[in-house]
Amino acid sequence: MTTTPAPAKRITDIGPPHYEKFLHPLIKKNYGQWKYHESVASGVLRHVAESGDEIYSVRAGSPRLLSTATIRLFADLAEKYCGGYLRFTSRNNVEFLLDDRAKIEPLKKELLALGFPVGGTNNAISNIVHTQGWVHCHSSATDASGIVKSVMDALHDRFTHEDLPAKLRIALACCLNMCGAVHCSDIAILGVHRMPPQISKETLPKVCEIPTLIASCPTGAIRSATYDGKPSVEVTEEQCMFCANCYTVCPAMPLNDPENDGISIWVGGKVSNARSAPKFSKLAIPFIPNNPPRWPEVVDAVVNIVNVYAKHARKYQRMGEWIERIGWPRFFELTGIPFTRYHIDDFRYAGTTYARSTHIRF
Amino acid sequence: MTTTPAPAKRITDIGPPHYEKFLHPLIKKNYGQWKYHESVASGVLRHVAESGDEIYSVRAGSPRLLSTATIRLFADLAEKYCGGYLRFTSRNNVEFLLDDRAKIEPLKKELLALGFPVGGTNNAISNIVHTQGWVHCHSSATDASGIVKSVMDALHDRFTHEDLPAKLRIALACCLNMCGAVHCSDIAILGVHRMPPQISKETLPKVCEIPTLIASCPTGAIRSATYDGKPSVEVTEEQCMFCANCYTVCPAMPLNDPENDGISIWVGGKVSNARSAPKFSKLAIPFIPNNPPRWPEVVDAVVNIVNVYAKHARKYQRMGEWIERIGWPRFFELTGIPFTRYHIDDFRYAGTTYARSTHIRF
Amino acid sequence: MADEGVKTTLLDELEKGPWPSFVKEIKKASETSPVCDDLLGQLELSYEEKKGHWKHGGIVGVMGYGGGVIGRYSDVPEKFPNVAHFHTLRVNHPAGWFYTSDALRTLCNIWERHGSGLTNMHGSTGDIIFLGTKTDELEPTFADLTKAGFDLGGSGSVMRTPSCCVGQARCEWACYDTMKLCYELTQTYQDELHRPAFPYKYKFKCAGCPNDCVASIARSDCSIIGTWKDDIQQDDAAVAEYAALGLDIQKDVCDNCPTKCMAWDGKKLTIDNHECVRCMHCINVMPKALRPGKERGATILIGAKAPIIQGALLSSVLIPFVPADELLETLKELTGRIWEFWSEYGKNRERVGELIQRVGMANFLDAIGLEPTPEMVAAPRDNPYIFFQKEDGKPKDGDGQ
Amino acid sequence: MADEGVKTTLLDELEKGPWPSFVKEIKKASETSPVCDDLLGQLELSYEEKKGHWKHGGIVGVMGYGGGVIGRYSDVPEKFPNVAHFHTLRVNHPAGWFYTSDALRTLCNIWERHGSGLTNMHGSTGDIIFLGTKTDELEPTFADLTKAGFDLGGSGSVMRTPSCCVGQARCEWACYDTMKLCYELTQTYQDELHRPAFPYKYKFKCAGCPNDCVASIARSDCSIIGTWKDDIQQDDAAVAEYAALGLDIQKDVCDNCPTKCMAWDGKKLTIDNHECVRCMHCINVMPKALRPGKERGATILIGAKAPIIQGALLSSVLIPFVPADELLETLKELTGRIWEFWSEYGKNRERVGELIQRVGMANFLDAIGLEPTPEMVAAPRDNPYIFFQKEDGKPKDGDGQ
Amino acid sequence: MAVTVEQLAEEMYEMIKEAMGKKSFKATDLAKAMIAKYGEAEVSKDDCKHAIRVLIDTGRCVYSYFGGSYITLPHKEGAAPD
Ligand code: SRM
Ligand code: SRM
Ligand code: SRM
Ligand code: SRM
Ligand code: SF4
Ligand code: SF4
Ligand code: SF4
Ligand code: SF4
Ligand code: SF4
Ligand code: SF4
Ligand code: SF4
Ligand code: SF4
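Chains as they are written, first to last, in this note's numbering: chain X, 1 to 362; chain B, 1001 to 1362; chain R, 2001 to 2401; chain P, 3001 to 3401; chain C, 4001 to 4082.
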């Protein structure tokens, strides 16, 4: 690690500022004393305290990748409408906290004028949790922000309206590391490689520990070899399932490739314990090629799934709950997505995913 | 293989006799034309054909291990009451097939007098599917017939009455090979070892292939070693989970032991697709010592589970469906069975059995 | 006589109680067969010592066959010389376990002549088990059996005796003729039943409907389970009758339907057959009012087995629906391809279900020439570890291997 | 200015449409920070070539810390020299992501002074991400941050920045004070956050109730999820009001209850709280009428993670219920024991959830001194492969080893 | 305590230098090695932690990161060479 000389008296290990400093006085007063909430309008919540106090939250969509200019804008708005108090949500939206109902509409108007949609509450589609992509990560099989922008453009009305059967959470991760934690999303957009690591034979011995590298491969596809008399490795391509774990531990094993990188779509995951237990997302579409700048095939695929869900699910049914009700064969039939060999699990719990009953719809 | 000289003209590969030869004329006539059935009394079914014909089945419990004397007795009864037509069921009961309703009672009376209870139909406990045990198998960790007799004595009323919430199927296997296919039973009684194989060092090299033996151990507990200069094996005891697969491939690896062999009890499996999908039985009691001749602790354990189930399950709920409704913690609470480290899975799908939600009853 | 010959203090306890006693059976047999005294003696010893007294295995059989006999030797032959050998024969039962009194007596005659007179009616796989004889008697027993029209079942690495539920012989729900299929499979594969050529055992079981009264989904490598494709046959008058007789149709029927595809308004029962998964529950509860549809056939499933050694498996869907009249042909063709693949790639003692898990279902389907369908899975994969194939990926040239 | 400096034909497409555009953000930042032009340029290249242009890793940081900075270097530095270095800093956010305008402006000032002016509000783990600066600026940024009362978050093999839902600050369902717990965990483990000493990363997330608005059960090695032990608080008048307003209580509420423990007779709602699994559904639907009970606390779960490399995991129950006021102490004690075991036995890059699967839950419980309870499992084992322990088995002497 | 933190730091430093390019050590590897050498009575985990902190805070060693974090000698700044 390269560090630059530090000042004489360094401050370290202070942790983040205490949150109390940033709480709206009304929130501080009613902390832990909230009684109930209701939806005032799409994107606007009203929380009522035991004391009778009320706080309004106005939620605006954000691209997450924000310039300081925009953050200053949010700060200005907060100052103008709510004493300077705001927060961000666990899905990267921004929430303005108002104690004055009258200021809701003016704030909304200003936000909209500035290009920030208000919504994402209740049974709307909220912001897409996502990751770095080509903007900052070395590992990505696709971009993150560009797809999110394209998909949210198409789903904009679903953000500003609360008319889905239930919450619908979309997440994107640009590689199998899944920093977007897409594994439990109603719809997950996941960047995938399809090319085995292309060994940089020259650099490998310089930058990687070969035993660690060999051990990193879950399928045992990497074996030691020599190249130009120097220790190196080779990959049995048939055994590679493109997880890129080897690349994480050794930079000389890149997998990315313009033609073979792309997107897979997964559906039916959830996190909440509401009604049913949390669930993993399952494979819907194994591969869609990267098609920047607007990834139209990915957008269409997501919109199609959302529309079919919106049409067929019963009230309060999350994507996965709906699919469990109708069965996976029907999901593929209704969405028109082809079922392929790739949908059949062959990883460690594969056996538990086969249909071990005669419960079949015809 | 030792074979004795065969007669000049041997008949082979003829397969079993054609079943048609053995069908009651009324069955032959209405074959595939049955319309509905109903229960006439416990152990007595009435099947009605499209033609209006009726056949009555009287089902009697059997110990399965039958002397020819008893088989002749059944033959005589069949001749006396139903033209000589009878069958056995998939759970080893015997069924007399009558076309004359009037003969049901006399037949029942005679069966009862001979010591053969009539029942096992509908929501009764039927016969216990079981295996050889000490009567014939080398592999057994317990006897089969003795436990079955003891348990069925205690559950006799549950055989002759149809008053459980649903069917309740008990099976017994005397070792992990599970010839009684206990793995999907409402209640499974399973013989288990708890002692690692005791290597017969003298005989091993003579009777076993060492590589095959080593490969047979799923946990890799068996390693090669030498004994008296001859190739042999040794067992890492901590790695042994007593499956006896090594013994199956090598007689010099016996596991049986009077103190350490015994019984485990498993619950909640089912085979039918009715309502819920088929399920495996799950561990209820890890170990009960062998206590011949009547295994009172095993009998008590089974009777207790049956009674708790009978009391708490809703109509049509099989054991496993009931437990899934109330949750496993409640099952252990209601039955008073202690939950131990052994109940927590640590085999290949273990991860899928942990409680991965906050759905908890308090 | 047993009562004189051997002391069975412990076993005698098992003559008490209402359930028929196997000890009584052994004693009965010992009246005609002296070997049963020694069996009782050895069993009593096991009861005293809490331990079996049979040696491991033993390689005996009838000429030309590789299965159907389980060799068994006592480990205390000096004490019980009559059970020094105590082999069993597995005799292939008639489909559906139907007999006439005559047929039973024929079997009894043979077994009293050549063996202990003890049987299991039946073994867990379905065979008639002739329990206990000496090596010398194997061939004569076999000769008598075949003369009487019976043949041996399987043991070892063979196809085992197929079995089936009572099916159309006495059940209104049988969606195909289970006994016929069972019989024909048995006859078709006589060679595979008698001459071990597989990596391990292979079992067929035929159930006429999803109630699966022969436990095929849990106990057979290939499970054939009847089902239907069209709508449940419904007799509204009969439904009303059940209701009038006190059946709570909402609670007992509709609420137990796994897909909740039934509605009862107090008068009329409506089934959304499009959503029905053919579980049988409603039909089971109201057999006079509801019946399986008319377009009948079976689902073919693959791979069930007991836990040794990778853990127990239930069969999983291979072909969602085969019309009843195409079942035998389809199965023959399919089985040929399955056995070919299994024989080629199966490891020693690897059941077909384990092989599928090892190579992956998709590769197995490729090998046997079936297309993947979503009915084969409970859910698609949830992990991103997809072995994309070369045709799909377009590997570029580069300095990789 | 971006518009003059670089051609971004493809990226310009992403300025269109109603959703706020990240491209606009980068362009906005490029008005004050020239590095953003090169970022746009390199990104445009990525869009043309369908390929990222960042090199693998890079080892930079602030003095004394082992994490909090992600080093990043361009693989086309000759074309885009301003992003030749483009490291990010992970800045630990205030619990609940609450800010004042002032605090935000302070952060902006620092980042405009030292970096690109681009951020993520927030990163997936919860940090404020300062996106892109040069090595030389790391230490000065850090100095300014700490002076302003902020500190770095984690990267590498450390405890990561804990995060939490808004909790009692604005949610009526929070069963414990998530923000306080989150803050205190963060402060307690400053050393573990900044100096890598673990086999791999370790994440805490605190959710106030089973709705889990911070996805803790899916995304944290240790998930603390609020719940209650006594009965749901019920206001019958408010229930009636919902009904009057048209809520179909039977269909929308009762029928969706996972345990079907609710009954509605058209007037009175009855909850069999003994059967309730605290799923939140009924409360979610009728927030004015139903509320979590009064005996509040949390369930502690362990082991969630993304799929690399053994497959994704959800956290599983470790302690079914800890009263709210004992949470911090319990967690400290428990975490100490967990980390000790994990540090000792975890393999390099093995998350705690993977370790548990590898050694078995029962052994893990032994190691951390917890008793097994049935709440920890969805179901007991279904395979018979039990490692009976020596104390239970009584191995005899013999010729075995 | 028989072994001082400084001594531990010195020995760890030697270990790291020795293995440079062949093997990277994690904090626990170093601690385990020291405890194995001196015994738990002489050296505690905390001592080792302090020793590592000495190495890092003086800049003699730095943390590196490839999938996981290691303690190594400082080297030229930059990403992995290609
Ligand atoms: C603000 C936020 C917490 C925070 O600390 O930032 C939050 C706040 C609330 N959540 Fe949430 N949830 C928030 C992320 C989540 C997440 C996490 C996620 O999406 O990654 C989940 C889990 C999602 C999942 O299961 O995949 C989540 C699952 C819920 C649920 C359960 C929904 C369900 O039926 O499964 C409820 C209850 C409901 O909506 O009926 C809920 C309800 C609520 C309530 C109504 C709680 C309350 O009484 O205040 C809040 C307003 C919700 C709304 O949007 O209408 N919140 N909520 C998060 C807003 C994210 C956003 O910007 O959209
Ligand atoms: C910045 C961030 C994504 C984002 O855009 O928000 C991120 C970015 C990276 N993550 Fe992550 N992870 C980020 C949150 C996550 C999460 C989500 C979470 O914490 O809730 C996960 C899934 C949850 C989990 O921990 O399992 C996650 C799972 C991974 C993994 C897989 C870990 C695993 O055990 O499965 C890796 C690979 C690794 O660690 O070797 C990884 C590795 C990486 C690296 C360091 C790339 C690498 O291979 O070394 C990425 C650096 C990108 C860059 O250039 O800036 N990142 N990473 C998130 C951290 C921001 C923050 O501090 O707030
Ligand atoms: C005779 C027999 C078939 C045979 O070829 O021998 C048979 C015959 C019938 N079964 Fe069965 N079942 C027979 C073994 C089974 C088995 C297999 C087993 O127990 O090993 C099962 C699967 C058990 C399981 O799931 O573990 C089985 C699950 C059913 C079911 C589904 C019950 C459920 O709710 O899960 C029904 C439907 C019902 O009873 O409502 C059924 C219904 C029936 C009916 C009513 C079918 C009919 O219309 O004729 C028959 C009378 C049942 C009765 O006992 O009341 N039969 N039935 C078997 C009798 C065994 C015995 O002696 O007790
Ligand atoms: C006789 C019978 C038990 C009974 O009392 O009914 C039986 C008895 C034996 N079985 Fe079995 N199995 C019998 C049905 C079963 C079944 C049930 C079934 O077929 O429906 C199973 C479970 C289903 C399955 O096939 O998985 C079964 C699973 C096993 C296994 C474990 C196989 C596996 O792949 O998991 C073994 C061990 C082996 O093959 O190495 C085994 C091995 C044995 C051996 C040959 C012992 C051995 O290790 O070599 C037993 C001989 C006992 C003896 O001395 O007579 N037996 N065996 C059953 C055959 C009678 C018949 O032909 O009708
Ligand atoms: S998901 Fe992969 S590519 Fe995307 S930020 Fe995380 S590690 Fe990088
Ligand atoms: S990408 Fe994954 S499977 Fe392929 S070689 Fe690398 S580590 Fe192995
Ligand atoms: S279960 Fe085991 S002991 Fe019993 S008959 Fe089968 S192989 Fe023998
Ligand atoms: S009993 Fe099973 S686990 Fe134990 S040594 Fe034998 S094969 Fe291995
Ligand atoms: S499986 Fe079906 S068809 Fe066969 S006997 Fe049972 S209920 Fe009848
Ligand atoms: S057969 Fe089963 S799924 Fe179909 S309608 Fe009847 S109960 Fe429902
Ligand atoms: S997790 Fe529960 S307590 Fe926290 S914000 Fe969501 S609903 Fe409220
Ligand atoms: S919280 Fe969930 S389980 Fe409990 S009563 Fe409400 S809906 Fe039912």
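Think of the hints as simulated: they come from the structure by calculation, not from any bench.
A few of these clues could be false.
Claimed, not checked - Quick list of in silico lysine-lysine cross-link-like pairs, BS3-like style, CA-CA up to 30 Å:
(1) X/201 x R/2147
(2) P/3332 x C/4022
(3) R/2268 x P/3260
(4) C/4049 x P/3079
(5) P/3332 x X/315
(6) P/3024 x X/109
(7) B/1009 x R/2294
(8) R/2147 x B/1080
(9) B/1028 x R/2294
Stated by the list, open to error - Pairwise CB distance ranges, derived in the manner of DEER restraints:
(10) R/2265 x P/3240: 32 to 38 Å
(11) R/2075 x C/4019: 54 to 60 Å
(12) C/4059 x X/297: 29 to 35 Å
(13) C/4019 x B/1325: 29 to 35 Å
What the hints assert, rightly or not - Derived coverage of chain X by chain R (criterion: at least 3 residues anywhere in the stretch with Cβ under 8 Å from a Cβ of chain R; other residues may be distant):
(14) 103-117
(15) 138-150
All C-beta atoms in this analysis are idealised placements derived from N, C-alpha and C, irrespective of residue type, glycine included.
To see whether the hints hold, each was checked on the structure:
Between residue 201 of chain X and residue 2147 of chain R, the direct Cα distance comes to roughly 74 Å. Violation of the 30 Å bound is thereby established for this hinted pair. Straight-line distance between C-alpha atoms of residue 3332 of chain P and residue 4022 of chain C comes to about 37 Å, which puts the hinted pair past the 30 Å bound. A C-alpha spacing of about 25 Å is found between residue 2268 of chain R and residue 3260 of chain P, which places the hinted pair at or below 30 Å, so the restraint holds. For the proposed pair residue 4049 of chain C and residue 3079 of chain P, the alpha carbon gap of about 44 Å is over 30 Å, so the pair is violated.
Between residue 3332 of chain P and residue 315 of chain X the CA atoms are separated by roughly 42 Å; this puts the pair beyond 30 Å, and the hint is violated. Restraint check for residue 3024 of chain P and residue 109 of chain X: satisfied, since their Cα atoms lie roughly 20 Å apart, inside the 30 Å limit. A threshold of 30 Å between alpha carbons decides the hint, and for residue 1009 of chain B with residue 2294 of chain R the separation of about 48 Å lies outside it, so the pair is violated. For the hint pairing residue 2147 of chain R with residue 1080 of chain B, the CA-to-CA distance comes to about 28 Å; that is within 30 Å, so the pair holds.
Distance hint between residue 1028 of chain B and residue 2294 of chain R is fulfilled; the C-alpha atoms sit about 21 Å from each other, no more than 30 Å. In this structure the hint that residue 2265 of chain R and residue 3240 of chain P lie 32 to 38 Å apart at CB is violated, the actual value being about 26 Å. Between residue 2075 of chain R and residue 4019 of chain C the Cβ separation comes to about 59 Å, which falls inside the hinted range of 54 to 60 Å. At roughly 51 Å, the beta carbons of residue 4059 of chain C and residue 297 of chain X sit outside the given window of 29 to 35 Å.
One distance hint, 29 to 35 Å for the beta-carbon pair residue 4019 of chain C and residue 1325 of chain B, is violated here, with the actual separation near 59 Å. Residues of the segment 103-117 of chain X with a Cβ under 8 Å from some Cβ of chain R number 0, which does not satisfy the need for three, so the listed coverage is violated. Look at the segment 138-150 of chain X against chain R: 0 of its residues bring a Cβ nearer than 8 Å to a Cβ of that chain, fewer than three, so the hint is violated.
Taken one by one, the earlier hints fail for this structure at numbers 1, 2, 4, 5, 7, 10, 12, 13, 14 and 15, listed in ascending order.
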